[in-house]
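Peer 1: Please construct the entire structure, taking both the sequences and the accompanying hints into account.
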Amino acid sequence: MSNRDRYAARYADHVIHTPQTKLEASSAVWQKPREVERAFKQTAKASGDWVWLLDARDAMIMNGDIDVRDVLAELLAPLHGAESVDVVITRDFNGINAGSFFVRNSGWTRKIFLKAWRQYERPREEGGMDEQAAIADMMCRNTGGIMDRVLVVERARQTLFNAYPFGPPPTFRPGDFVLHAASLRWKGLVAYMSDHNLTEF
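Counted the way my numbering counts, the sequence shown spans residues 1 to 201.
Just so you know, not all the hints are guaranteed correct.
[Said to hold, decoys possible] Capping the alpha-carbon separation at 27 Å, the derived lysine-lysine pairs in DSSO-like fashion look like this:
#: 1; residue 1: 41; residue 2: 22
#: 2; residue 1: 41; residue 2: 187
#: 3; residue 1: 41; residue 2: 115
#: 4; residue 1: 111; residue 2: 187
#: 5; residue 1: 41; residue 2: 111
#: 6; residue 1: 22; residue 2: 187
Honestly, the hints are just simulated from the structure, not real lab data. For clarity, every value in this text was computed on a predicted model and none was experimentally measured.
Peer 2: Following this line, the structure appears as structure tokens:
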């Protein structure tokens with residue numbers, strides 16, 4: 001059973017793992033909008049349900065005792081107007097990072113965010129960019145009023161669900177929810193875990 005499947009089995013009453021089945025987009029990162037749409041249709045049918053996009057190639061759930069609902073509650077509960085938040089994403093030392101982030105099933109997400117996001121998918125020679133840069137550009141332009149819908153988790157709290165093994169602190173520590181070896185890919189993730197005697201939950 002995979003890391004994600006074990007986690008979903010532990011929280012089977014409210015977590016469903018929907019792995020990517022085939023590549024339909026121009027690249028793996030651009031499969032993400034399609035997977036969100038598929039999840040909305042197949043599993044997150046109720047308005048308000050969340051889809052968690054977690055990179056398959058360089059990220060691992062490390063602490064299975066942490067309920068993803070508690071992570072979202074910790075971030076959203078203190079906010080005035082939390083019900084209008086449809087995207088939760090972290091900021092690292094380079095900007096936002098889409099290796100682990102959340103998208104809520106809402107009319108705005110379905111009708112505006114996903115459609116605008118997918119418009120960026122085109123070859124780089126034609127002005128295309130990766131999915132992360134596309135979201136950053138949407139935020140810069142406030143496309144679809146995204147700045148009223150996105151919660152950017154600042155770097156000081158990044159380790160809540162997107163902890164890196166490198167870079168300025170805070171970085172991953174045993175007990176953190178997710179280890180994301182951004183840009184190091186699977187071999188880099190496994191090597192880091194081996195070098196630091198870390199095991200997934």
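Peer 1: So, for every hint listed, does it hold in this structure?
Peer 2: Now the hints, each set against the structure:
1. 41 <-> 22: Given that 27 Å is the threshold and the Cα spacing comes to 17 Å, the pair holds.
2. 41 <-> 187: Outside the cut-off at roughly 33 Å; violated.
3. 41 <-> 115: 15 Å, holds
4. 111 <-> 187: Violated - the C-alpha atoms of residue 187 and residue 111 are around 38 Å apart, more than 27 Å.
5. 41 <-> 111: 14 Å, holds
6. 22 <-> 187: The hint holds at about 22 Å.
Hint violations for this structure: numbers 2 and 4, all remaining hints satisfied.
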